[in-house]
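*Asks:* Given the coordinates of chain C, assemble chain W onto it according to the supplied hints.
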Amino acid sequence: MEQVLELIERGRAGYVAAMGMGGVFAALVFLYTFIFALGKVSRFGKVRSRSPAAPPPGPPPPEPDNAQIAAAVAVALALSGPGRRKGVSVSAGGEEEPSAWKAAGRMAMMQPFVRPKKD
Amino acid sequence: MEPLLQFLKVTAFWNLSWGNLLMDAIGVLFIYLAIKKHYEPLLLIPIGIGILLGNVAPITIAGKQVFYMLVNGEIAEGSGQYSVMYYLYFGVRTGIYPALIFLGVGAMTDFSFLISSPKLVLLGAAAQFGIFITYTGALALGFVPTDAGAIGIIGGADGPTAIFLSSILAPELLAPIAIAAYSYMALVPVIQPPIMKLLTSRKERLIRMKDPRPVSKTEKIIFPIGGFLICTLIAPGSAILIGCFFAGNILKESGVTERLAQTARTAFVDIVTILVGVSVGCSASAETFLTSKSLLIFGLGALSFAFATASGVIFAKIMNLFSKQKINPLIGAAGVSAVPDAARVAQMVGQEEDHQNFLLMHAMGPNVAGVIGSAMAAGILWSILG
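In the order they appear, the protein sequences are chains C and W. Its first residue numbered 5, the first sequence is counted upward by one per residue in my numbering. Its first residue numbered 386, the second sequence is counted upward by one per residue in my numbering.
Pulled out of the complex, with its shape left as it was, chain C reads as follows:
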């Protein structure tokens, strides 16, 4: 038994195990922190891009001209059912959840046309 313990001692088993496991854990704990931070940053970026207050990426969209407005309204009316004429639906077929800034953009296109009618 003493001989075995001496062999283990000579091979610095405790030191090697402590350094080895310590090194592996240290690296993977750093990796964990890195992935965690990466995830947070990524989710924060996604939330910002979905926020209606945030401008869409790229240059600001050009002001819609009358022809575009007419086309948008025609499409919206065509898509809405007969019972839904009062509240014109702006959701396009097949798209379940339009992003907030897209919906805001569509509403903005609708407004100049709807207002004169109300007046």
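If you're looking for bench data, these hints aren't it; they were derived computationally from the structure. On a predicted model such as this, the values are computed, not experimentally measured, just so you know. Glycine included, C-beta positions come from ideal geometry on N, C-alpha and C. Don't take each hint at face value.
Here are the simulated DMTMM-like cross-link-like pairs (lysine to aspartate or glutamate), alpha carbons at most 25 Å apart as the crow flies [unchecked claim]:
#1 Lys678/W / Glu13/C
#2 Lys602/W / Glu10/C
#3 Lys44/C / Asp596/W
#4 Lys44/C / Glu589/W
#5 Lys50/C / Glu589/W
#6 Lys711/W / Glu589/W
#7 Lys678/W / Glu6/C
#8 Lys50/C / Glu387/W
#9 Lys711/W / Asp495/W
#10 Lys709/W / Asp596/W
Chain W stretches covered by chain C per the calculated footprint, using a threshold of three residues with CB under 8 Å from any CB of chain C [unchecked claim]:
#11 530–541
#12 550–564
#13 613–624
#14 750–760
Chain C side only, calculated, beta carbon under 8 Å to chain W, not exhaustive [unchecked claim]:
#15 Phe34
#16 Tyr36
#17 Ser46
#18 Val51
*Replies:* What follows is chain W alone, placed relative to chain C:
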């Protein structure tokens, strides 16, 4: 009679020993297990063929040995003694093949599972405990520290890592270590389930884990770069393996080098696997393999695997004590690397209790973390013992 005797002397039968025949039987067993039982056929068939080649007695043509690599029990070094296999073995001896295999494996690996559940990375670290337990066990059995370090790495359940480290620390033990590592990797579905069941209750095996979140392309590109820097700054010895692993992954995830990634994960890694399997098998000649040391290495390898599996499962249970989101401890066993077999075993054992419980995607996290962990452990052992 004299011409017949002369003819017999030029055949391989004349110098064939019982040891060679026994090794041939082992080679045939490997091929049988691969074909009949589907145990890691991509590895066991080339290794089995290599064992058969390596145990044909010396065949000399034009002064050069064709297959046999050993002259008087040592690898042939003298002029005119080099064999074809000697040149192929160069990639093993210098650690080239393991690095190239890591490049291919990196191009196959999807880190999404790990990125979506970062805490699972710790299971890949815990499962490396078996390496250091085996290191201590090997010292107690009289192995010198360098040999003990090379034997311990079998617990990493990663063939290329085992070849890489033993080619540096214990080249004379490379054949038994590599064959033990690949054999136990093939036997993961046999070795792990009893240990996993022994260490977990039914209630724990029934734990269902939350679905992983979707991971963005940017995260997948940034991860291998950051991961490489973190790992190699802590253990520079792991730079070769980890570097190739993450390099392969960047080829895959960058989206602009699809042709390179496709080649790396298919033809490239297949060619290297054939070369490494055949040349490692070929180095397992009777003179080097049939020794008491080899038997001890196989015994220690089994111990290493068992401890690695157990430490992963136990660490998952410890994590559950402090975590709100419970982890199914079965996935801790996947931390031993052996991609993707260890993850499949976690899925299989989990589904024995609940057919609707899908653990595979969760187990892939610790599984790929185990690959990183074992390469790190190899780098650290190299730095300390090399």
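*Asks:* Each hint: holds or not?
*Replies:* These are the hints, each one checked on the structure:
{"no.": "1", "hint": "Lys678/W / Glu13/C", "result": "holds, 21 Å"}
{"no.": "2", "hint": "Lys602/W / Glu10/C", "result": "violated, 53 Å"}
{"no.": "3", "hint": "Lys44/C / Asp596/W", "result": "holds, 17 Å"}
{"no.": "4", "hint": "Lys44/C / Glu589/W", "result": "violated, 30 Å"}
{"no.": "5", "hint": "Lys50/C / Glu589/W", "result": "violated, 35 Å"}
{"no.": "6", "hint": "Lys711/W / Glu589/W", "result": "holds, 9 Å"}
{"no.": "7", "hint": "Lys678/W / Glu6/C", "result": "holds, 22 Å"}
{"no.": "8", "hint": "Lys50/C / Glu387/W", "result": "violated, 87 Å"}
{"no.": "9", "hint": "Lys711/W / Asp495/W", "result": "holds, 23 Å"}
{"no.": "10", "hint": "Lys709/W / Asp596/W", "result": "holds, 15 Å"}
{"no.": "11", "hint": "530–541", "result": "holds (count 3)"}
{"no.": "12", "hint": "550–564", "result": "violated (count 0)"}
{"no.": "13", "hint": "613–624", "result": "holds (count 4)"}
{"no.": "14", "hint": "750–760", "result": "holds (count 3)"}
{"no.": "15", "hint": "Phe34", "result": "holds, 5 Å"}
{"no.": "16", "hint": "Tyr36", "result": "holds, 5 Å"}
{"no.": "17", "hint": "Ser46", "result": "holds, 5 Å"}
{"no.": "18", "hint": "Val51", "result": "violated, 13 Å"}
Of the hints listed earlier, those the structure fails to meet are numbers 2, 4, 5, 8, 12 and 18, in rising order.
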